[in-house]
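4 protein chains.
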Amino acid sequence: MARHTDSLESLRTKLERFAADRDWDQFHNPKNLVMALAGEAGELVEHFQWLTFEEAASLPRATREEVALECADVLLFLLRLADKLDINLAAAAEKKLELNAVKYPVAKSRGRATKYTKL
Amino acid sequence: MARHTDSLESLRTKLERFAADRDWDQFHNPKNLVMALAGEAGELVEHFQWLTFEEAASLPRATREEVALECADVLLFLLRLADKLDINLAAAAEKKLELNAVKYPVAKSRGRATKYTKL
Amino acid sequence: MARHTDSLESLRTKLERFAADRDWDQFHNPKNLVMALAGEAGELVEHFQWLTFEEAASLPRATREEVALECADVLLFLLRLADKLDINLAAAAEKKLELNAVKYPVAKSRGRATKYTKL
Amino acid sequence: MARHTDSLESLRTKLERFAADRDWDQFHNPKNLVMALAGEAGELVEHFQWLTFEEAASLPRATREEVALECADVLLFLLRLADKLDINLAAAAEKKLELNAVKYPVAKSRGRATKYTKL
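Residue numbers (the numbering used here), protein chains in the order written: chain A, 332 to 450; chain B, 332 to 450; chain C, 332 to 450; chain D, 332 to 450.
If you are wondering where the hints come from, they were derived from the structure by calculation, not from laboratory data. The structure presented is a predicted model; accordingly, all values stated were derived computationally and were not measured. One should not assume that every hint holds.
[Claimed, not checked] Result set (DSSO-like, lysine-lysine): computed pairs, CA atoms no more than 30 Å apart in a straight line:
id, chain 1, residue 1, chain 2, residue 2
1, A, K345, B, K415
2, B, K415, A, K446
3, B, K415, A, K439
4, C, K446, A, K415
5, C, K449, D, K345
6, A, K446, C, K434
7, C, K439, D, K415
8, A, K434, C, K449
9, C, K415, D, K427
10, A, K427, B, K427
11, A, K426, C, K449
12, D, K446, B, K446
13, D, K427, C, K427
14, B, K426, A, K345
15, B, K434, A, K415
16, D, K345, C, K446
17, B, K426, D, K446
18, B, K345, A, K439
19, B, K434, A, K345
20, B, K415, A, K449
21, D, K345, C, K434
22, D, K345, C, K415
23, D, K415, C, K449
24, A, K449, C, K426
25, D, K434, C, K415
26, D, K426, C, K427
27, A, K427, C, K446
28, C, K345, D, K345
29, D, K427, C, K345
30, C, K449, A, K446
31, C, K345, D, K449
32, B, K446, D, K449
33, A, K415, B, K446
34, D, K426, C, K415
35, A, K426, B, K426
36, C, K426, A, K446
37, C, K426, D, K426
38, A, K449, C, K449
Could you build all of it, start to finish, from the sequences and the hints given here?
This is the structure:
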């Protein structure tokens, strides 16, 4: 049997249980959670701030494992936040992809990092 | 047929294709992506910065939809980042949950927002 | 003689010397510095993420001292960043205050946290 | 007469007046302000996220002016935050510089971006 799944809904449920078991819902309001998410994003950034592009793309194994766990932290708080706001994260991601496909048509955006408002 | 799925792997694949179609891999290196992620986290924070806890927990519908798309942005850049670092995000999340279960045993952490290093 | 000054220019000079002494200018390019700044902002956020408004406004002395040093980190990287971009931070702050006075006229913005674009 | 000054205390006073005039102290509590600061740091990051080191170091004039105002935003919220926490930002910066001089002795840290905990 699979030890992990890649379903957002499954992760969401586990987190809900994790928080309930610890009586943490009192802390997990949207304002706090968005701060926790920003804090974790900051930790991720700190791993990369002094690296060249090459170094960032070939992290030593130990660093890569730390970074993987920081990525996980971002995902976990993001799922909690979405949950508390009654946002279906997977549906939002699909919708955003569709919007981006319109905002960034291949012909206009190919090879350019220009924001859609300036395309 | 389902219009969206909640599989991280499925989203990862779609993003890979989206970037390839636009020749964006040249921009999507880990250092840039971690910055993009931090930028999106910042946009999320801006939605909540002046709100009370009550206001943050009951966003007007239009704001909630904007916030949902910001959450999506965070997820999409997180998936791209993990992909470029060869990190399996779902596996990392499962691992982090297991580590957290050890760091935050129910008995010691119940009802407390104390960091595990200070428990 | 004063042991510290509150002059931004004086701080900027000290930081320049500090980096030069350590041969750190090779790391202190704008892209890296903006990441370092974001990382420090994230650390600041982490101090406050689980706090109520009341707790945040009455930090224990030890926490307040840690927070003071995090605030200092933000300022120091901000000064380095501005320096490397040839931005006069004090002048920019004065200019922004003037712009804000126009964007947020007292009559329209009194008691409201509404962004100027929505006033 | 000088049109601007580079004194942190002078800026702090102006901001205090600016907020008082608009009855904004009700919003300017530490938790909100630290979020506003993180949001502004995120905006700064967004300017640089897709740039090479070279591009980041030679911004077009218009971008540099926008970035200068974002830097100003970070400073202004940082000053407000420090003010509300009764932190003397200039003194904290001086203290942090002294601590850094101890943590990063020239002999050990010359030419290395290694964190002091790993030196």
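Verification of the supplied hints:
{"no.": "1", "hint": "A:K345 - B:K415", "in the structure": "holds (27 Å)"}
{"no.": "2", "hint": "B:K415 - A:K446", "in the structure": "holds (22 Å)"}
{"no.": "3", "hint": "B:K415 - A:K439", "in the structure": "holds (24 Å)"}
{"no.": "4", "hint": "C:K446 - A:K415", "in the structure": "holds (25 Å)"}
{"no.": "5", "hint": "C:K449 - D:K345", "in the structure": "holds (24 Å)"}
{"no.": "6", "hint": "A:K446 - C:K434", "in the structure": "holds (25 Å)"}
{"no.": "7", "hint": "C:K439 - D:K415", "in the structure": "holds (24 Å)"}
{"no.": "8", "hint": "A:K434 - C:K449", "in the structure": "holds (24 Å)"}
{"no.": "9", "hint": "C:K415 - D:K427", "in the structure": "holds (20 Å)"}
{"no.": "10", "hint": "A:K427 - B:K427", "in the structure": "holds (27 Å)"}
{"no.": "11", "hint": "A:K426 - C:K449", "in the structure": "holds (26 Å)"}
{"no.": "12", "hint": "D:K446 - B:K446", "in the structure": "holds (22 Å)"}
{"no.": "13", "hint": "D:K427 - C:K427", "in the structure": "holds (27 Å)"}
{"no.": "14", "hint": "B:K426 - A:K345", "in the structure": "holds (12 Å)"}
{"no.": "15", "hint": "B:K434 - A:K415", "in the structure": "holds (24 Å)"}
{"no.": "16", "hint": "D:K345 - C:K446", "in the structure": "holds (20 Å)"}
{"no.": "17", "hint": "B:K426 - D:K446", "in the structure": "holds (26 Å)"}
{"no.": "18", "hint": "B:K345 - A:K439", "in the structure": "holds (19 Å)"}
{"no.": "19", "hint": "B:K434 - A:K345", "in the structure": "holds (16 Å)"}
{"no.": "20", "hint": "B:K415 - A:K449", "in the structure": "holds (27 Å)"}
{"no.": "21", "hint": "D:K345 - C:K434", "in the structure": "holds (16 Å)"}
{"no.": "22", "hint": "D:K345 - C:K415", "in the structure": "holds (27 Å)"}
{"no.": "23", "hint": "D:K415 - C:K449", "in the structure": "holds (27 Å)"}
{"no.": "24", "hint": "A:K449 - C:K426", "in the structure": "holds (26 Å)"}
{"no.": "25", "hint": "D:K434 - C:K415", "in the structure": "holds (24 Å)"}
{"no.": "26", "hint": "D:K426 - C:K427", "in the structure": "holds (28 Å)"}
{"no.": "27", "hint": "A:K427 - C:K446", "in the structure": "holds (24 Å)"}
{"no.": "28", "hint": "C:K345 - D:K345", "in the structure": "holds (25 Å)"}
{"no.": "29", "hint": "D:K427 - C:K345", "in the structure": "holds (12 Å)"}
{"no.": "30", "hint": "C:K449 - A:K446", "in the structure": "holds (23 Å)"}
{"no.": "31", "hint": "C:K345 - D:K449", "in the structure": "holds (25 Å)"}
{"no.": "32", "hint": "B:K446 - D:K449", "in the structure": "holds (23 Å)"}
{"no.": "33", "hint": "A:K415 - B:K446", "in the structure": "holds (22 Å)"}
{"no.": "34", "hint": "D:K426 - C:K415", "in the structure": "holds (23 Å)"}
{"no.": "35", "hint": "A:K426 - B:K426", "in the structure": "holds (29 Å)"}
{"no.": "36", "hint": "C:K426 - A:K446", "in the structure": "holds (26 Å)"}
{"no.": "37", "hint": "C:K426 - D:K426", "in the structure": "holds (29 Å)"}
{"no.": "38", "hint": "A:K449 - C:K449", "in the structure": "holds (22 Å)"}
No hint from the list above goes unmet by this structure.
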